[in-house]
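Colleague: Construct the complete structure from the given sequences, taking the supplied hints into account.
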Amino acid sequence: MSGPYCGLNGIILRFEDHFLSVDVSELGLVQVQIDHVRRVLSTGDNVRVMVGHFVNKTGIVLAVAGTNVTLYDIGSEPITVPQVYVETYKPDITGGKSISHTASARSRPDPWVGKRVIIINGYHKGNWAEVRSTSGDNVQVILDCNHSTQSYQKKHLVDEGGFTLSGENKRKDFGNLVERYTAAEMPRAPTPTPDDAAIPEDMNLNQAWDPGHEDESDTNKNDDIVEVNSGKRLPTPPPNYDGPGRWLLKPEICARMATHRIVVQFFDSMSYEGGRFDRRHATTNTDGSSVNPRFLAIDLTCKDKRAKTYDLPVPVKFLQPVLPNKNGIGVVIAGDRSGTLIFLRRFAKGKKTAKVVQAGGTSEWDEPIENLCRVEERNA
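First residue of the sequence shown? That's 1 in UniProt numbering, and the numbers climb one at a time after it.
The set of hints was computed from the structure by calculation and includes no laboratory data.
Every value quoted in this text rests on a predicted model; they were computed, and no experiment measured them.
Any given hint might turn out to be false.
[What the hints assert, rightly or not] In silico lysine to any residue, SDA-like type, Cα no more than 25 Å apart, as pairs: (1) Lys90 / Phe15; (2) Lys154 / Leu165; (3) Lys115 / Asp159; (4) Lys90 / Ile34; (5) Lys317 / Gly350; (6) Lys317 / Ala334; (7) Lys250 / Glu377; (8) Lys57 / Asp73; (9) Lys115 / Lys125; (10) Lys317 / Pro244; (11) Lys317 / His281; (12) Lys303 / Gly328; (13) Lys115 / Thr164; (14) Lys317 / Arg337; (15) Lys308 / Tyr272; (16) Lys250 / Phe318; (17) Lys250 / Leu341; (18) Lys326 / Lys349; (19) Lys355 / Glu377; (20) Lys154 / Arg116; (21) Lys155 / Trp112; (22) Lys303 / Ile120; (23) Lys154 / Ile142; (24) Lys90 / Asn9; (25) Lys326 / Glu370; (26) Lys154 / Arg108; (27) Lys115 / His156; (28) Lys57 / Thr88; (29) Lys90 / Ile120; (30) Lys326 / Arg261; (31) Lys308 / Tyr123; (32) Lys154 / Asp137; (33) Lys154 / Gly136; (34) Lys125 / Arg276; (35) Lys250 / Arg280; (36) Lys326 / Lys308; (37) Lys155 / Thr88.
Modeller: So this is what it looks like as structure tokens:
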């Protein structure tokens with residue numbers, strides 16, 4: 001600003017007492033007094049007016065034109081003053097630089113984030129998921145099956161304790177979805193070890209490698225097979241099984257599978273395949289000779305919720321009969337006429353019984369609807 005190097009610009013390299021070492025591009029390194037230099041103003045600098053009509057005014061530099069500078073302060077009009085009238089200063093609060101805080105950083109942690117829940121309604125019913133975030137009544141979860149992010153209402157999500165996230169139900173309403181915890185019991189006495197049975201000396205311990213040994217299971221392997229009028233050898237269910245779907249394993253019902261497909265329905269439960277086939281219809285895909293009575297399963301053709309077709313063996317305990325349509329064909333699955341093909345003429349008042357006619361015959365009678373099941377011809 002003054003002295004022999006007045007009007008030159010440079011970069012301050014170091015301080016030495018009352019002198020500065022300045023790198024001037026035209027002359028190189030020069031030494032000047034501290035009082036002879038002034039910082040070059042640039043757009044965005046914070047300055048204060050020291051003398052003149054606008055003394056003590058502060059603002060931000062908007063433009064530098066020659067020896068004049070234009071500055072602006074919030075709430076006032078821009079002013080223009082000579083550069084020698086102002087000096088730079090550091091304000092108490094900087095307006096352009098602030099620390100941003102997200103809403104999640106200022107709020108308390110969400111207690112549901114990271115919790116394990118099971119979905120009880122919607123497309124992914126029966127699947128486990130992990131809570132990602134919540135917003136009001138909506139919850140974003142990450143599915144265990146495909147790791148996708150889905151949105152559900154709180155009332156459709158149940159935690160590991162058996163309660164919905166909305167808290168609208170009691171635990172007993174979802175008792176079948178969670179493990180039951182009982183009070184601690186006193187330790188019971190251990191079961192005594194049975195005494196070793198005496199083995200005859202002449203007994204062949206390696207019977208599997210003895211070609212002359214007759215396996216007792218081979219002599220009884222046909223005990224589960226019965227002869228029917230169709231000439232096919234059909235299995236019968238074990239006599240000690242008395243659960244749901246037993247009617248599907250009756251010999252007279254299996255005999256009808258050679259010419260007809262029996263229409264069944266999955267129970268409204270998540271016990272089988274996580275509820276993938278809930279309330280869906282399926283048809284038998286066997287002629288009756290491939291029914292497995294030991295595992296109590298039957299081959300079915302069914303579609304899941306994505307309309308994908310499957311051929312798979314399904315335990316009969318997950319199946320229930322489907323009522324025939326009016327003027328449709330069906331089969332009697334219980335009672336004295338079990339295995340008889342019928343045509344359903346009409347339903348009686350109250351729909352507890354139906355007027356049926358034997359297929360290919362003229363006999364007509366009233367049959368309880370719980371004894372009927374819909375069938376389809378195999379060539380249809």
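Colleague: Output the indices of the hints that this structure fails to meet, ascending.
Modeller: When the structure is compared with the hints, numbers 5, 29, 36 and 37 turn out to be violated.
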